Structure formats: C-alpha cells, structure tokens
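*Asks:* Sequence:
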Amino acid sequence: MKLLLIDDEEPVREILSLSLRSDGYEVITAGDGEEGIRLFQQEKPPIVLTDIKMPGMDGIEVLKKIKQIDPETEVIIITGHGDMDLAIQSLKLEASDFITKPIKDEALAIALKRAIKRREMRQKLNEYTTSLENKVREAIEEIRIKEMQLFQSRKLAALGTLLAGVAHELNNPLSNIYTSCQILLEEIESPDLDFKKQLLKQIEEQTNKARNIVRSLLEFSRQREFKKEILNLKEIMEETIGFVQGQIPPKVEMIIEIPDDIEIYADKQHIEQAFLNIITNAIQAIPDKGTVSIKASVDKDKGVVNIEFKDTGVGIEPDILPRIFDPFFTTKEVGEGSGLGLFITHEIIERHQGHIAVESEVGKGTTFLIKMPLEKVKHE
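Numbered continuously in the working numbering, the sequence shown closes out at residue 380.
A couple of the hints might just be wrong.
Said to hold, decoys possible - Below, a list of computed lysine-lysine pairs in the DSS-like style, where the Cα atoms sit at most 27 Å apart: (1) LYS67 with LYS124; (2) LYS227 with LYS201; (3) LYS92 with LYS251; (4) LYS135 with LYS64; (5) LYS65 with LYS44; (6) LYS101 with LYS2; (7) LYS310 with LYS201; (8) LYS64 with LYS113; (9) LYS300 with LYS251; (10) LYS135 with LYS2; (11) LYS104 with LYS117; (12) LYS268 with LYS228; (13) LYS251 with LYS302; (14) LYS135 with LYS104; (15) LYS53 with LYS65; (16) LYS295 with LYS251; (17) LYS251 with LYS289; (18) LYS64 with LYS124; (19) LYS44 with LYS135; (20) LYS289 with LYS268; (21) LYS64 with LYS104; (22) LYS228 with LYS289; (23) LYS67 with LYS135; (24) LYS67 with LYS113; (25) LYS44 with LYS67; (26) LYS251 with LYS227; (27) LYS251 with LYS234; (28) LYS289 with LYS302; (29) LYS300 with LYS310; (30) LYS135 with LYS65; (31) LYS310 with LYS371; (32) LYS364 with LYS295; (33) LYS234 with LYS371; (34) LYS101 with LYS67; (35) LYS124 with LYS65; (36) LYS197 with LYS234; (37) LYS124 with LYS101; (38) LYS67 with LYS92.
Read the hints as simulated data drawn from the structure, not as lab findings. Keep in mind that this is a model prediction, so the values were computed, not measured.
Input sequences plus hints: build the corresponding full structure.
*Replies:* Next up, the structure:
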C-alpha cells in the first residue's frame, strides 16, 4: 500500500521509511508541507503520515488541505509530548490517529493497522451504500412499473365499462344522422331550403357529439407514459385558463388565489387537461353572472397541496352528485358534452397519487377539491 511520509527532519524520514518499507509499504517522502501536498495530489496515496510541527505549512494545515482534496484519505499525525492540544485538534479535524515522538514501531504499526481497518470499513460501507442505493432504485423502478401495470389494468377495466356504453352513446347520434340523411335524400328536390338547412344543422350537431365521444375515448385509452416534472402551480393554472379565455362570458369573473411558490410534481399535459375539464365545467355551470375562484395552499401537517375550484353556478342535485365521475354521465344538453371529461379528470388525479372530491348545493354552486401529495413534490 502506498504511503506518504511528511517530516522536516531527514533522519526521521530515513528511519521511518526504512521501517515502513520493511513492512511492505511503498513510501513516498516529503520534507515540508507544501511538497507533501504536491506529492499527495500527484500520487494520491490512501494513507498520509505527517509531523504536526514543521516550518511553513504545519501538520494541521496539511491535514485540512488533504481532507479538502480527498476526505477519504487516512491521515496519521506525529506529535511531540507537549503537543497534546494540537493532537486533539487534529482528531476533531478527522485525523485517523496520532502517535508521539520518539516513535515506537509497535505504536506505528497499531496506528497504521487502525487506519487500514478504517479504510476497509469505509470501502465496505460505500459498497453497501451503493448496493443499497441500487436496490432502492430498482425497487422504485419496479414500483413504478407495477403502478403503471395497475393503472393500465384499471384503465382496461374502465375501458370495459366505456366500451359497454360506447355502442349506446354513439347509437343515438348515428341514428339521428342516418334519419336526417334519409329525410334529406327524400326532400332533396324540395324547394324548402330552410328545412334542408335545419336537417344539415342537426347532422352537424350529432356528428360533433359522436366526434367528441370518440376523441375523449381515444385520449383516455392512448397509452402515453407520464413525464412528471416540477411545475409552478400558479403558472400552470394561468396557462390553462388562457386556453378557455375566449369562452369566459363577460359577467363571469375568474379569481386566482395561488401563492407564487407552490410547486407540484406532475405531467404537464395531463394535469392541464384535468384542470381544464374542471374549469370548463365551472364556467358552463354559471348561467349569467358569477365567479369561478381557484385557490391553493400547502398543508405540511397532512403532507398535501390543496387545490380548490369553486363556482357560483347552478349546483348539482344531491341524487346525481355521486355519479359525476362515471363515464358518459353528463347533466348537459344533448350534443354539448361527451360525459367523459370528469371521468378522465378523476383518472388523471388518481394517476398522480392524488385525490379529488366534490361538494355542491343547488342554486349556490359547486366546489372541487384536489389533494396532491406533498412528498411526491419533494422526493419522487
């Protein structure tokens, strides 16, 4: 094993070098602290043996420098009988050990044995730590894969429910389109343009309804891996509102009360879609004049970020409130909604390990509360 010996007394260097080499060490020597540091940077020995009192850079400074360069290096301090305070100081600076002059072979051998043992233990600890970190990473990856599989399994189960309803949901607009087309074909020679325009308008409306159902279904079923990142909640919310800015009636006021420093760990595209569905519903729930307020706060005790969407709209009847997250359930007029928006929102929030709840009172409005786990923001 390579060892650096630093001492300003040449006889000491020669005697110690001879003894150490006879014990199998590869010894490099330096006559002062500056030379010692230069050789240390060149040779990178795992053990340094340095005198504490030397002209220029003393042993304490050598110790500090070496620990700055490589904290793993074992440094043994050589002291005189009157240097105990300095010896104690060196131990506080993480010296491995100290031996006193005149140096006895037995004391030197014990100090070196301790240093080598410390180094071996540190290497084993590092190996164990690295192995543990790898196992933790593997476990996290396995959990992520299992989570993905579970989500896909849940998605397939949900798709089964969806597909069972697709035939029925698409049957109505397609039947209406077919009927309107048949009437239009029969009346193609008719001079009544208004009637034909009305039929074409119905075909357009029913086509849009069918298209919305298919589009929502495709968006939900598309298997896209989440790409989570740290997002500023206020910026994301303002960007999402920007998507529907043109749909907000003049008498509907948007109020955002989100602190600038709240961050969430989420997939940008999906979380914006979830927020967009809630905001759109809130706007459409206000028949004339009202407000849509969006607030957020951090509850460190419960470890969550609370996001509240509150509107002063018409509210939701108590008997249908438990069904609003069901696929194809809608309270909107025929052709105005697919009934998948809140279902998809619920799935997105669940995928983020979050929770969504709703409260509503007819005539007063509706409140959606999303809870995102704070630990996911910090550690995931």
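*Asks:* If a hint holds in the structure, say so; if it doesn't, say that too.
*Replies:* Hints, verified against the model:
The straight-line distance between the Cα atoms of LYS67 and LYS124 is roughly 20 Å, inside the 27 Å bound, and the hint therefore holds. Under the criterion of a C-alpha separation no larger than 27 Å, the hint pairing LYS227 with LYS201 is inconsistent with the structure, at around 41 Å. Of the pairs offered as hints, the one joining LYS92 and LYS251 is violated, with about 70 Å between alpha carbons and a cut-off of 27 Å exceeded. For the proposed pair LYS135 and LYS64, the alpha carbon gap of about 35 Å is over 27 Å, so the pair is violated.
Between LYS65 and LYS44 the alpha-carbon distance is near 13 Å, which keeps this suggested pair within the 27 Å criterion. Restraint check: the Cα-Cα separation between LYS101 and LYS2 comes to about 23 Å, which is no more than 27 Å; the hinted pair holds. For the given pair, LYS310 sits about 35 Å from LYS201 by alpha-carbon distance, which is inconsistent with the 27 Å threshold. Straight-line distance between C-alpha atoms of LYS64 and LYS113 comes to about 22 Å, which keeps the hinted pair within the 27 Å bound.
Under the criterion of a C-alpha separation no larger than 27 Å, the hint pairing LYS300 with LYS251 is inconsistent with the structure, at around 37 Å. Straight-line distance between C-alpha atoms of LYS135 and LYS2 comes to about 34 Å, which puts the hinted pair past the 27 Å bound. Note on LYS104 and LYS117: the hinted pairing holds, with a Cα-Cα distance of about 20 Å set against a maximum of 27 Å. For the hint pairing LYS268 with LYS228, the CA-to-CA distance comes to about 7 Å; that is within 27 Å, so the pair holds.
Between LYS251 and LYS302 the CA atoms are separated by roughly 37 Å; this puts the pair beyond 27 Å, and the hint is violated. For the suggested pair LYS135 and LYS104, the alpha carbons sit about 46 Å apart, so the restraint of at most 27 Å is broken. Distance restraint check for LYS53 and LYS65: the Cα-Cα separation of roughly 16 Å lies within the 27 Å cut-off, and the hinted pair is therefore satisfied. About 20 Å separates the Cα atoms of LYS295 and LYS251, which keeps this hinted pair within 27 Å; it holds.
A hinted pair counts as satisfied when its Cα atoms are at most 27 Å apart, and LYS251 with LYS289 qualifies at roughly 5 Å. Distance check on the hinted pair: LYS64 and LYS124 sit about 25 Å apart at the alpha-carbon level, within 27 Å; holds. Pair hint LYS44 plus LYS135 does not hold up; C-alpha atoms about 31 Å apart against a cutoff of 27 Å. The suggested pairing of LYS289 with LYS268 is violated, with an alpha-carbon distance near 31 Å, which exceeds 27 Å.
For the hint linking LYS64 to LYS104, the alpha-carbon distance of about 26 Å falls within 27 Å, and the restraint holds. About 37 Å separates the Cα atoms of LYS228 and LYS289, which puts this hinted pair outside 27 Å; it is violated. At roughly 30 Å between alpha-carbon atoms, LYS67 and LYS135 are farther apart than 27 Å, so this suggested pair is violated. A hinted pair counts as satisfied when its Cα atoms are at most 27 Å apart, and LYS67 with LYS113 qualifies at roughly 20 Å.
Proposed proximity of LYS44 and LYS67 is supported: the alpha carbons are some 12 Å apart, at most 27 Å. Taking the CA atoms of LYS251 and LYS227, the gap is near 37 Å; set against the 27 Å cutoff, the hint is violated. Distance restraint check for LYS251 and LYS234: the Cα-Cα separation of roughly 23 Å lies within the 27 Å cut-off, and the hinted pair is therefore satisfied. Pair hint LYS289 plus LYS302 does not hold up; C-alpha atoms about 36 Å apart against a cutoff of 27 Å.
Among the hinted pairs, LYS300 with LYS310 is consistent with the structure: their alpha-carbon atoms are about 23 Å apart, no more than 27 Å. For the hint pairing LYS135 with LYS65, the CA-to-CA distance comes to about 35 Å; that exceeds 27 Å, so the pair is violated. For the suggested pair LYS310 and LYS371, the alpha carbons sit about 15 Å apart, so the restraint of at most 27 Å is met. Proximity of LYS364 to LYS295 is assessed by CA-CA distance (about 18 Å); at most 27 Å being required, the pair is judged to hold.
About 15 Å separates the Cα atoms of LYS234 and LYS371, which keeps this hinted pair within 27 Å; it holds. With a C-alpha separation of about 24 Å, the suggested pairing of LYS101 with LYS67 holds against the 27 Å cut-off. As the CA atoms of LYS124 and LYS65 are separated by approximately 25 Å, the hinted pair is consistent with the 27 Å bound. For the hint linking LYS197 to LYS234, the alpha-carbon distance of about 46 Å lies beyond 27 Å, and the restraint is violated.
Proposed proximity of LYS124 and LYS101 is contradicted: the alpha carbons are some 33 Å apart, above 27 Å. Taken as a hint, the LYS67 and LYS92 pair is honoured in the structure, with Cα atoms around 12 Å apart against an allowance of 27 Å.
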